[in-house]
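Student: Chains as they are written, first to last, in this note's numbering: chain A, 75 to 316; chain B, 86 to 352.
Be aware that a few hints might be false.
Per label pair, the in silico range of CB-to-CB distance [what the hints assert, rightly or not]:
{"no.": "1", "chain 1": "A", "residue 1": "Tyr85", "chain 2": "B", "residue 2": "Leu335", "range": "56 to 62 Å"}
{"no.": "2", "chain 1": "B", "residue 1": "Ser282", "chain 2": "A", "residue 2": "Glu131", "range": "38 to 44 Å"}
{"no.": "3", "chain 1": "B", "residue 1": "Ala259", "chain 2": "A", "residue 2": "Ala110", "range": "29 to 35 Å"}
{"no.": "4", "chain 1": "B", "residue 1": "Leu335", "chain 2": "A", "residue 2": "Pro127", "range": "31 to 37 Å"}
{"no.": "5", "chain 1": "A", "residue 1": "Glu305", "chain 2": "B", "residue 2": "Gly274", "range": "51 to 57 Å"}
{"no.": "6", "chain 1": "A", "residue 1": "Gly287", "chain 2": "B", "residue 2": "Lys233", "range": "52 to 58 Å"}
{"no.": "7", "chain 1": "B", "residue 1": "Ile251", "chain 2": "A", "residue 2": "Ala238", "range": "35 to 41 Å"}
I should point out that these hints are in silico values taken from the structure, not numbers from a laboratory. A virtual CB, placed ideally from N, CA and C, is assigned to each residue, including glycine.
Residues per chain are reported as follows:
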Amino acid sequence: MLEFRNVSFSYEPGTPVLDNLSFHIRKGETVGLIGANGAGKSTIMKLMLGLLPAQGEILVDGMPVTKQNLSVIRQKIGFVLQDSDNQMFMPTVYEDMIFGPRNYGLTREEADARVERVLKELGLESLKHRHNHKISGGEKRMAAIATILAMEPEMIVMDEPSTALDPVNRRRVISTINSRKETKLIASHDLDMILDTCQRVILLNHGRIVADGEAETILRDRALLEANRMELPFCLQGWKGR
Amino acid sequence: MNKLTKAQTELWEMDELAKGTSPIHGLHPLAKLAVTVFYIFTVVSFPKYDLSGLMILVLYPVILYQIADIPVSTCFYKLRLVLPLVCAVGLVNPFLDRKILLYIGTVPITGGLVSMATLMLKGVFSLMASFLLIATTPIDQICAALGKLHVPQVLTTLLLLTYRYIGLMIREVAVMSESYALRAPGQKGIHFSAWGSFLGQLLLRSMDRAEELYSSMLLRGFRGEFYYVGLPKARGKDWLFFLGSLLLFLAARNTNLPELLGSLFMR
């Protein structure tokens, strides 16, 4: 579904953010992208969507990420931004949800049907006509996910989906991720969530892949995590008291 | 509610107003846009001393506000910051043009006073009509209508993004102001020594936010065209509104209707 072949990128010359990166994500996989701040997680996501120009080759479903293919690629990959406020720019949840489908040529009726279906799947029917500025942070995050699902992407890419959510909303987001059959790439510092949702983890450090493998194996490796400015997920640390 | 939150709420209220279900809301956006533009042209084209001729044009916004079920006071309230500026435009006229045009009783009325009043009314009427358009038509539809009129895509996109972005920018200002206030107890507002860095930071943050927002639009298929709006086909009532308004404006511009009506009653 997604392949990075020797991809490098730098915002400033001489300071590479990604350094000769190669990996492959198969259809249907759920992959966690972890690493300390500045490791290059968000940059990877922007590169695959053509928001930044990459050196090297990126293939989405066999198609190279080029200007000509961007429209198709962006239809295939739905990107849930870290800050839902930046994602939800229309007045209401409904209008935000039909924005993508309508841009991709669906009729109003077809777009409406999709919106209804996605809202029902996520149990968000009550949000349909709510104003984006009047809903809570947790609702906004779910609505942001709904706007992406309404585009029926083949792959969902999420940047820090559990940030600033209370436990109930965080759990709701995790359940939603787990209920989806699409290919998923999730960048997060919330390693408990990664453990809950991903079968595979890619650990980055300074733009290089340090580890790529089974989530449980990597997330149980205290030495590896600590060497890369991470720590064991809380659920694996064990409460020993203060 | 602080000033910034209030400003943000007011902005969202405009979107609410535009979603009304009155007959004016139901008209084709292109018809409303064209009529508004034509109205403003008509208003602006009146000679500077033709105050009485201009007065009749107040009927257009006033009647439409009634039909659209939007209190005129809402317009004046929302435009409270702009209206004084518009009115200030003609303030120097009484000093520059002292030619006496008429007497009311024994009070001489100079050309400057009349032209000042005319200029103010032109500004107020134009603002009222523009507000009516925004209050009865969602911004996306206005942009789509502008696109139909072959206004360059870069301008319509800029207009849409600016409108969508104002809310985010107000939020940024609110966050920065709160952060400043928390570390500057007892100060009212922001000290002028901090204005430079405050504005600089705001600009940088704004650029980041704007980039994110635009990316979010691009990622959902936005290519500068308003496919998602889907303008309806113009119906009979849209044509009637458009042509009827045009004829009335032309009549108002070419004949002094108040004078004509007055002369009929005076006979």
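Student: Please go over all the hints and tell whether each is borne out by the structure.
Tutor: Tested hints:
1. Checked against the hint of 56 to 62 Å, the pair Tyr85(A) and Leu335(B) passes, with Cβ atoms roughly 58 Å apart.
2. Taking the beta carbon of each, Ser282(B) and Glu131(A) are about 43 Å apart, inside 38 to 44 Å as hinted.
3. The given range of 29 to 35 Å is respected by Ala259(B) and Ala110(A), whose C-beta atoms sit roughly 31 Å from each other.
4. Judged by the Cβ atoms, the range 31 to 37 Å given for Leu335(B) and Pro127(A) is violated: they are separated by roughly 55 Å.
5. Between Glu305(A) and Gly274(B) the beta carbon distance is about 44 Å. The supplied range of 51 to 57 Å is therefore violated.
6. Roughly 55 Å separates the CB atoms of Gly287(A) and Lys233(B), a value that falls within the hinted 52 to 58 Å.
7. Checking the proposed 35 to 41 Å range against Ile251(B) and Ala238(A) shows it is violated: the Cβ atoms sit about 24 Å from each other.
Violated hints, listed in ascending order, are 4, 5 and 7; each of the other numbered hints is respected by the structure.
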